[in-house]
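Here the protein sequences line up with chains A and B, keeping their order.
Here the first sequence is numbered in the numbering used here, starting from 1 and rising by one per residue.
Here the second sequence is numbered in the numbering used here, starting from 254 and rising by one per residue.
The set of hints was computed from the structure by calculation and includes no laboratory data.
All C-beta atoms in this analysis are idealised placements derived from N, C-alpha and C, irrespective of residue type, glycine included.
One thing to keep in mind: the hints can contain errors.
Claimed, not checked - Some, not all, of what chain A presents toward chain B, calculated at C-beta under 8 Å:
#, residue
1, V4
2, N5
3, P11
4, V14
5, T18
6, V20
7, A42
8, T80
9, S82
Claimed, not checked - Here chain A is said to cover these stretches of chain B; the calculated rule only asks that three of the stretch's residues, wherever they fall, bring their Cβ under 8 Å from a Cβ of chain A:
#, segment
10, 267 to 274
11, 328 to 340
Stated by the list, open to error - Footprint (simulated), chain B over chain A, 3 or more residues, beta carbon under 8 Å:
#, segment
12, 67 to 75
13, 147 to 155
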Amino acid sequence: MVEVNAGRRRPSSVVSLTRVPELAGWHREGDEIVLGACLTYADMERGELAALVPALAQAARTIGSPQIRAVATLGGNIGTASPAGDTLPVLAALDAVVEVAGRAGGRRVPLLELITGVKKTSLAPGELVTAVRVPVLRGGQEFLKVGTRNAMVISVVMVAVVVDLDGQSVRAGLGSVAPVPVRAREAERYAGEHTDWSRGRLAGPAVARRFGELCAESTAAIDDHRSTADYRRRAVAVCAARALARALPPLEA
Amino acid sequence: MTETVTYELMVNGERRVVEGSWLGESLLFALRERLGLPGSKNACEQGECGSCSVRLDDRLVCACLVLAADAQGRSVTTVEGLTGADGDALTDVQRAFLDEGGVQCGFCTPGLVMSVHDLLDRNPTPDDLELREAISGNLCRCTGYGRILAAARTVVARRGEASLHESEGPA
Ligand SMILES: Cc1cc2nc3c(=O)[nH]c(=O)nc-3n(C[C@H](O)[C@H](O)[C@H](O)COP(=O)(O)OP(=O)(O)OC[C@H]3O[C@@H](n4cnc5c(N)ncnc54)[C@H](O)[C@@H]3O)c2cc1C
Ligand code: FES
Ligand code: FES
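Produce the complete structure using the sequences and hints provided.
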């Protein structure tokens, strides 16, 4: 709509997805949640869904303003495929699978395969995101975002940490630090190996710090008008350590 | 060649016909330029300033980001559609903005009034952070927000007093 207002796009036809009931809302299917593409950030911020996927709710609440969150959708965040898309690191950390529909029928694609570059997706012309599947996990979740102010701000970095106590794994999704959302696999492995899974606690506070450093090493941050690569790496290290310590509190050293 | 469309909007409880409009027009454009409702302001047309805030069904939105044709079948409330209690031309929020000096140039005022109403409808006793979050999508270049926050707190206090008096009943 911003581009249309500015005269950069002049659509000759428009499809109103908000009127397609199949794309609205969310529901649970066993251990999975199916999020409709037209789910708005306001829908994710609070209530039952926020309790089931807290990192998504935290991310949603940092987006734009209340007026933006009332209309902007999950499908739109994926379709935009911006490196600064705030839900994308959360979806990456959750191993989200995107349901796509097109003339040739439907397919399911992992989010990280769907997003191929800065504002680029593997969606074919005429293909539409219809839903996103995420697991319901037992364990802490945390989303942290750094920007130049508290509201209405495009992310300088984002960190999403998701703990799966049953699968005994830690997952980290990073945003605004590469053309596409990044999974910090090395850091995840390290945290998983240094967790006392019987008690559901990190082995010690130093583990969170090292985890942060490893997350920073997995980025491909650049200098741009919003920040520098150095600052971004540093912010990822600090935020990732903090997020992990909140999602999986350490045993005292 | 641009095709035109005609459709109906429900604005402030009235059925209004938008004729000969281009499909890509925003709700803000339709309200201001086609329906003669200039209360919602146009400052950025990109969702940043909130001066175009209107209620679409039960949600506060930026009218500049809503496709006018997509607002068919929904209920739109603009600042012109607000009315005070007991025939007062101003709502209690508008009156508090005046009393507290929350209006300087006034450009942001309609949007902020809509935001404060929306907040207090959902949450009659917001704390300070909730109040700040609720107006985080509204830019004001004049007041520095202090008088606006004061106005919102005044509304909360006055409504609280009024309901206290009501519950005490006539003496
Ligand atoms: C003032 C403002 C502040 C913002 N702040 C943030 C922010 O803090 N964080 C953030 O991440 N984003 C932000 N955004 C960007 C944007 O609002 C979000 O990315 C939002 O999710 C877009 O959703 P939408 O439904 O409005 O999509 P639209 O704007 O309608 O569409 C965006 C793109 O996605 C495509 N698309 C939409 N739905 C689908 C679908 N179901 N399947 C395939 N493609 C689809 C469209 O064709 C279009 O190319 C902001 C935008 C504005 C205007
Ligand atoms: S004109 Fe709509 S938000 Fe600024
Ligand atoms: S009073 Fe002038 S912009 Fe707010």
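Outcome of the hint check:
1. V4: Cβ of A/V4 sits 5 Å from chain B, so the hint holds.
2. N5: holds, 4 Å
3. P11: holds, 5 Å
4. V14: For A/V14, the interface hint holds, since the closest Cβ of chain B sits about 6 Å away, which is under 8 Å.
5. T18: With a closest approach of 7 Å, the A/T18 hint holds.
6. V20: violated, 12 Å
7. A42: Constraint on A/A42 satisfied, holds at 7 Å.
8. T80: violated, 14 Å
9. S82: violated, 15 Å
10. 267 to 274: Violated, because only 0 residues of the segment 267 to 274 of chain B bring their Cβ atoms closer than 8 Å to Cβ atoms of chain A.
11. 328 to 340: violated (count 0)
12. 67 to 75: Since 4 is at least three, the answer is holds.
13. 147 to 155: The restraint on the segment 147 to 155 of chain A holds, since 3 of its residues have a Cβ under 8 Å from chain B and three suffice.
Hint check: violations occur at hints 6, 8, 9, 10 and 11; the rest are consistent with the structure.
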